[in-house]
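Trainee: Listed in order, the protein sequences are those of chains A and B.
The opening position of the first sequence corresponds to residue 1 in my numbering, with each subsequent residue numbered one higher.
The opening position of the second sequence corresponds to residue 334 in my numbering, with each subsequent residue numbered one higher.
Keep in mind the hints are simulated off the structure, nothing from the lab.
Backbone N, C-alpha and C fix where the C-beta goes; we use that ideal spot for every residue, glycine too.
Incorrect hints may appear among the rest.
Claimed, not checked - Looking from chain A toward chain B, a few residues come up when the C-beta cut is under 10 Å (computed):
hint, residue
1, Asp100
2, Pro117
3, Val121
4, Ala131
5, Phe147
6, Thr150
7, Thr152
8, Ile154
9, Asn156
10, Glu158
Here's the letter readout for the chains.
Protein chains: 2
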Amino acid sequence: MRRGYFPGEADFLSTAFITPVQDGIREVEQLMRSQAGNEHHPDLRAALEHLLTAGGKRVRPTIVFLSGQLFNASHPRLVTLGAAVEMLHTATLVHDDLIDGSLLRRGIPTLNARWSPAATVLTGDFLFGRAAKLAAETDYLPLMKLFAETLTVIVNGELTQMFAAKGIIERKNYYSRIYAKTASLFEMSSLAATMIGTEDETIRAAMKTYGYEVGMAFQIMDDVLDFTGEQATVGKPVGSDLLNGLVTLPAIYYAESHPDDPEVRTLADGGWGNNEKMEQLVKSIQASNAIRHATEEAIEHVEKSVEAIKPFEHAPEYHSLVALARYIVDRNS
Amino acid sequence: MRRGYFPGEADFLSTAFITPVQDGIREVEQLMRSQAGNEHHPDLRAALEHLLTAGGKRVRPTIVFLSGQLFNASHPRLVTLGAAVEMLHTATLVHDDLIDGSLLRRGIPTLNARWSPAATVLTGDFLFGRAAKLAAETDYLPLMKLFAETLTVIVNGELTQMFAAKGIIERKNYYSRIYAKTASLFEMSSLAATMIGTEDETIRAAMKTYGYEVGMAFQIMDDVLDFTGEQATVGKPVGSDLLNGLVTLPAIYYAESHPDDPEVRTLADGGWGNNEKMEQLVKSIQASNAIRHATEEAIEHVEKSVEAIKPFEHAPEYHSLVALARYIVDRNS
Numbered sequence: 001m002r003r004g005y006f007p008g009e010a011d012f013l014s015t016a017f018i019t020p021v022q023d024g025i026r027e028v029e030q031l032m033r034s035q036a037g038n039e040h041h042p043d044l045r046a047a048l049e050h051l052l053t054a055g056g057k058r059v060r061p062t063i064v065f066l067s068g069q070l071f072n073a074s075h076p077r078l079v080t081l082g083a084a085v086e087m088l089h090t091a092t093l094v095h096d097d098l099i100d101g102s103l104l105r106r107g108i109p110t111l112n113a114r115w116s117p118a119a120t121v122l123t124g125d126f127l128f129g130r131a132a133k134l135a136a137e138t139d140y141l142p143l144m145k146l147f148a149e150t151l152t153v154i155v156n157g158e159l160t161q162m163f164a165a166k167g168i169i170e171r172k173n174y175y176s177r178i179y180a181k182t183a184s185l186f187e188m189s190s191l192a193a194t195m196i197g198t199e200d201e202t203i204r205a206a207m208k209t210y211g212y213e214v215g216m217a218f219q220i221m222d223d224v225l226d227f228t229g230e231q232a233t234v235g236k237p238v239g240s241d242l243l244n245g246l247v248t249l250p251a252i253y254y255a256e257s258h259p260d261d262p263e264v265r266t267l268a269d270g271g272w273g274n275n276e277k278m279e280q281l282v283k284s285i286q287a288s289n290a291i292r293h294a295t296e297e298a299i300e301h302v303e304k305s306v307e308a309i310k311p312f313e314h315a316p317e318y319h320s321l322v323a324l325a326r327y328i329v330d331r332n333s
Numbered sequence: 334m335r336r337g338y339f340p341g342e343a344d345f346l347s348t349a350f351i352t353p354v355q356d357g358i359r360e361v362e363q364l365m366r367s368q369a370g371n372e373h374h375p376d377l378r379a380a381l382e383h384l385l386t387a388g389g390k391r392v393r394p395t396i397v398f399l400s401g402q403l404f405n406a407s408h409p410r411l412v413t414l415g416a417a418v419e420m421l422h423t424a425t426l427v428h429d430d431l432i433d434g435s436l437l438r439r440g441i442p443t444l445n446a447r448w449s450p451a452a453t454v455l456t457g458d459f460l461f462g463r464a465a466k467l468a469a470e471t472d473y474l475p476l477m478k479l480f481a482e483t484l485t486v487i488v489n490g491e492l493t494q495m496f497a498a499k500g501i502i503e504r505k506n507y508y509s510r511i512y513a514k515t516a517s518l519f520e521m522s523s524l525a526a527t528m529i530g531t532e533d534e535t536i537r538a539a540m541k542t543y544g545y546e547v548g549m550a551f552q553i554m555d556d557v558l559d560f561t562g563e564q565a566t567v568g569k570p571v572g573s574d575l576l577n578g579l580v581t582l583p584a585i586y587y588a589e590s591h592p593d594d595p596e597v598r599t600l601a602d603g604g605w606g607n608n609e610k611m612e613q614l615v616k617s618i619q620a621s622n623a624i625r626h627a628t629e630e631a632i633e634h635v636e637k638s639v640e641a642i643k644p645f646e647h648a649p650e651y652h653s654l655v656a657l658a659r660y661i662v663d664r665n666s
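So here's chain A without its partners, still in its complex pose (with noise of 0.2 Å):
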């Protein structure tokens, strides 16, 4: 993997540009950890206290506050929104996990592999309940529309993803897909922050692009590390995506460059379950350069989403924002 583009190979909860919202997403932590009360089942409260455990890089709150404090937002209301943003990616991974069966996610037992199918879907949903009642608390309608239109567009991702893209070398359909698994909840998250600090549509709409851009650059660096990173530290076998038929963008590259590479054709003509084929296609992807016009195609998603805040340039959360979306295409987790 590319490396140096940000000095320093940063542990995100270290760096520089978490400094100005660590007490908030402490605050997040805490109000999500409150959501499952002694009215709840034990159970259930063990089980949000397990995924709350396991932690994550509370990027999308850090989001949330740094573009929120960019356009002076109520405190209180951005903590309410981040752990609304952070409570809805929980749910979607509850169930994703359950969906592909996965055991592990970040080094932790996943809910799936310790409870049963229902219950794990189950819990998603009440995190999912707990999240719209969090976005409700707001007290914002626009932004309560703009979180149950996100919820809709990560689920109908997951379900197009699940039904037609097996094995598909296809950018168009690539791009469609890390938007709704990804890029829409980063976009929301500096989006909704924004719109509860200012109504000017046009800053609304710059901080939407930053949300977005950065958002596309992490789905695209988490499909590069797939292929680079170690197993212990991203927390799942290299190559995985692809020995489950999804074809992601370093692979597009390897199959444009390589239209005839023997792995590439099995592919191309639907031979994605072939397993050793596949092993060999993942080194060969490795061995090659798509692995850096991937990373260069995210580095310019980054410069976009620097790009479109250049106007707040004199703010000290700029620094961070930009910080932050460099961080990005730096880390190795």
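Fit chain B to the known structure of chain A by using the hints.
Mentor: Structure of chain B alone, referenced to chain A:
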């Protein structure tokens, strides 16, 4: 099953109380159909069409219209609310049927009977998202909060039922279960529609009570029909609740008056998994007066619902609301 409480064995959609709302119900169904537009996956549209064709009594939207019309609530907002409520109800049924492994509902194959578990989970999620979006489109935040709160009550109830309620012979457990499962959404339907029409808290409380009591009656009668109904009409095998370890009101009445019945003892000792004994217990309950006692309890709830709306007895909707409540205990499916 007891008959004749409300004269005539009426089909819901041909009853008098439906006339003032039937145009509204049609608009609700149209709005629900439009929720999976061309931007969504064709299989998702097909699933929604299947679910809507499977029908249902639309009793919740009927309560929405009658309650809202009583207080001159805006018709378009009632249509949106009615669709949100019915969509939420549909979403919970989709996940319920998956969890219970039910292959038929209302005599029509369930989604999980035709689709993979993964697709069924995601379709339910999509419906949750659409329900939340519709709730947001009522443009009224307190209603949005009520909606999200109701969703978590329903899901928490399902989780509690899954983790803790197998074979438990206990009234308190039963009542809180049927509140979460059914009465909470009935209560929300009457309350939310009233909230659109009036800010008067006394009126809102009265209408909330109406929905609550009708909902409790509805679920108790559902549980009675599980013992007395015909499989073809009810759409599931007779006695299926008890065979699945779900102790409902008729079984509780029977157990209370026959503590020494050997099958009751088996049930109390955790033996709900003994199919042969449970089938015998179903027969004993059917032949006992437990059915009448449970039905009488449902009627008490109906009378309380009628009592709650007495202040509005001069309005035309009052009579429809009374007729709807009484229909609850006189239906056969």
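Trainee: Any CB of chain B closer than 10 Å to the CB of Val121(A)?
Mentor: OK, holds: Val121(A) within 10 Å of chain B, min 6 Å.
Trainee: Would the hint on Ala131(A) stand, with a C-beta cut-off of 10 Å toward chain B?
Mentor: Since the shortest Cβ distance to chain B is 8 Å, the answer is holds.
Trainee: Holds or violated: is the Cβ of Thr152(A) closer than 10 Å to a Cβ in chain B?
Mentor: holds (4 Å)
Trainee: Would the hint on Ile154(A) be counted as holding, given a Cβ-Cβ threshold of 10 Å to chain B?
Mentor: Nearest chain B Cβ about 8 Å off; hint holds.
Trainee: Interface hint check: Asn156(A), Cβ to nearest Cβ on chain B, cutoff 10 Å. Holds or violated?
Mentor: holds (5 Å)
Trainee: Would you check whether Phe147(A) satisfies its interface hint, that is, whether its CB is within less than 10 Å of any CB in chain B?
Mentor: holds (7 Å)
Trainee: If you take the shortest Cβ to Cβ gap from Glu158(A) to chain B, is it below 10 Å?
Mentor: holds (5 Å)
Trainee: With a cut-off of 10 Å, does the beta carbon of Thr150(A) approach a beta carbon of chain B closely enough for the hint to hold?
Mentor: Since chain B brings a Cβ to about 8 Å from Thr150(A), closer than 10 Å, the hint holds.
Trainee: Would the hint on Asp100(A) be counted as holding, given a Cβ-Cβ threshold of 10 Å to chain B?
Mentor: holds (8 Å)
Trainee: With a cut-off of 10 Å on the beta carbons, see whether Pro117(A) makes it to chain B.
Mentor: Nearest chain B Cβ about 7 Å off; hint holds.
Hint compliance for this structure: every hint is met.
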